[in-house]
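Use these hints to put chain B onto chain A, whose structure you have.
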Amino acid sequence: MSEQLLSDVTVFVLAVLVGFEVIGKVPSTLHTPLMSGTNAIHGVVLVGAVLIASTADDALSYVLAFVAVAFAAMNVTGGYVVTDRMLGMFRRRRDPVPVKEQRP
Amino acid sequence: MSDFDAGVRLVYLAAAVCFVVGLHLMGSPTSARRGNLLSAAGMAAAVLATFAVVAHEGTITNTGTIVLVLALLVGGAAGLVTARRVQMTAMPQLVSLFNAVGGGAAALVALDDFLRLSDGPGVPTRTGVATALDVGIGALTFAGSLVATGKLQGVVTGRPVVFPGARALNAALLLVAVAAGVVVVADDNVPLLLLLLAVGLVLGVTLVLPIGGADMPVVISLLNACTGTVVAMAGFVLENPVLIIAGALVGASGAILTVLMAQAMNRPIRNIVLGGFGGGGSVEVVASSSGLPVREVTADDVAMQLAYAEKVLIVPGYGLAAAQAQHEVSELAELLEARGTDVAYAIHPVAGRMPGHMNVLLAEADVPYPQLKEMDEVNPEFARTDVALVVGANDVTNPAARRAGTAISGMPILDVDQARSVIVIKRSMGHGYADIENELYTDPRTGMFFTDAKAGLATLVQSVKTLVG
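Going down the list, the sequences are from chains A and B.
Quick note on numbering: the UniProt record's numbering labels position 27 of the first sequence as 27, and the sequence is numbered without any gaps.
Quick note on numbering: the UniProt record's numbering labels position 366 of the second sequence as 366, and the sequence is numbered without any gaps.
Quick caveat, the hints were computed from the structure, so don't treat them as lab data.
Keep in mind that the hints are not guaranteed to be accurate.
What the hints assert, rightly or not - Rough simulated footprint, nothing fancy, chain B against chain A, three-plus residues with beta-carbon under 8 Å:
no., segment
1, 2-11
2, 30-37
3, 46-55
4, 58-67
5, 75-89
Stated by the list, open to error - Pairwise CB distance ranges (calculated):
no., chain 1, residue 1, chain 2, residue 2, range
6, A, L5, B, A44, 28 to 38 Å
7, A, L14, B, G165, 20 to 30 Å
8, B, P121, A, V9, 21 to 31 Å
9, A, S2, B, S28, 38 to 48 Å
10, A, L5, B, R427, 34 to 44 Å
Remember, predicted model here, so these are calculated numbers, not experimental data.
Just so it is clear, CB atoms sit at the ideal spot from N, CA and C, and this is done for glycine as well.
Bound conformation, chain A alone:
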């Protein structure tokens, strides 16, 4: 097992544990935005898609790179925008309703 692989596996395992911990504390109200938010994060595959585009040099690899980059870009932008829309709806109403001035 190479050093690179060993360090990659270490990072992977620790990231899985961090994921379990971070998510475990989220109230169910926020599960849908959270699912959408994590969905946006796996759009990071755009980084990989851009890297394969940088080495593409024949028709097949151009096609593969185009589809991969377009898919990943859609995942990233759409994911973050729709999550922000959902969360914006939560916050907009929290500001004008201060707890002290609630109706009797």
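Just chain B now, with coordinates in the frame of chain A:
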């Protein structure tokens, strides 16, 4: 390692920190939006650093640059437009669609890398393993998520599609996939990798088709976790740490979320994945199948009860989401509140189409956040409630869940039957996805108002206004 490489690695590390801290901030309603923005900032940094790498290495051809820019524009615009325009009720299928393209992209990245390596220096075993997993699961996720999107959108039937020998077929396909994967790793075999890709696509369809529409949220959550894992595998293929970290984070979070959703629905994940459960909730039954009498009420009866109640609890469910009646219910609640009635919403953890979906819909309709009460908080209040108004919710209100031996035994429910009187707005006596009779509907204190949620609530608003001038 040159200074440039070290700098890029540090930016990737910073991006990973943004993802983790961002997810943490998303755990509370007050900081959730900031958390998402932080995560987006990390993503922007990671992508910009990658552009810098591409420019620095200078291997990209002119055609490659054009391909890259065009793809970024096309994909980015498609994501932006759909995310901006989508109705909030159609949001689950959009998440599923984004999940499909993410999984597809990861599979293509690994496929491309494998083709390049097998053409030249040969594929190391570690890359072969990661590629086989990435391509197989990625293809499955892509096709499965598209079927899930189709089911929620109504393009593909929401009812479970079961055909004889389906399980045997899936088992055989799985065996073929594993065998092909093993040969791919051992032998750099390109045709077999393509076979693995094809089998993955077919499995995605045959595994998701037999699952009913009501279980789709759990399936999407599971597929979301799969995409995370697939992206991590792409990270192993490219030896890229930010892909590994972000993919692992999403894989873990998706797994947790899937378990939580399945628990709230009292549906073991195994049963959901094996499929063929329930009728998809679309059976039109007019009379109670147990033969017990049902009390039907009119809009004026309901309006009268509501107008003179001191405390009203609204129980919104899937039917409200499907009819897009969130604005009508909020109008009715405001009208009652203006008359001094105490109004709140009782939200079951899986009301709507996935956990928290109902909160998003009601927030869109300007319902004040403090009025949304979660199950544990609101259940003791039902006994002091004059009218519980159930709008399109079914199984989550069924008292049968408290007894052993029913399909929903043990599922946490809202104690609607404790209220002094209950009004149920529903299109028919049709069953929920558990496909059993709801005992609440035959309770003598329950009045059934048979109508579409949107039209029914609009009629109620008019009736209350007429009644009380």
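Going through the hints against the structure:
1. With 5 residues having a beta carbon nearer than 8 Å to a beta carbon of chain B, the segment 2-11 of chain A meets the requirement of three or more and the stated coverage holds.
2. Residues of the segment 30-37 of chain A with a Cβ under 8 Å from some Cβ of chain B number 8, which satisfies the need for three, so the listed coverage holds.
3. Only residues whose C-beta sits within less than 8 Å of a C-beta in chain B count toward coverage, and the segment 46-55 of chain A has 10 of them, enough to reach three; the restraint holds.
4. Look at the segment 58-67 of chain A against chain B: 7 of its residues bring a Cβ nearer than 8 Å to a Cβ of that chain, three or more, so the hint holds.
5. Counting residues of the segment 75-89 of chain A whose CB lies closer than 8 Å to any CB of chain B gives 15, so the stated coverage by that chain holds, three being the minimum.
6. L5/A and A44/B have their C-beta atoms about 29 Å apart, which keeps the hinted 28 to 38 Å range intact.
7. The beta-carbon spacing between L14/A and G165/B, approximately 43 Å, falls outside the hinted interval of 20 to 30 Å.
8. At roughly 23 Å, the beta carbons of P121/B and V9/A sit within the given window of 21 to 31 Å.
9. Our hint of 38 to 48 Å for S2/A and S28/B holds, since their Cβ atoms are close to 42 Å apart.
10. With their beta carbons about 57 Å apart, L5/A and R427/B fall outside the hinted range of 34 to 44 Å.
The structure is inconsistent with the numbered hints 7, 10, although it conforms to all the rest.
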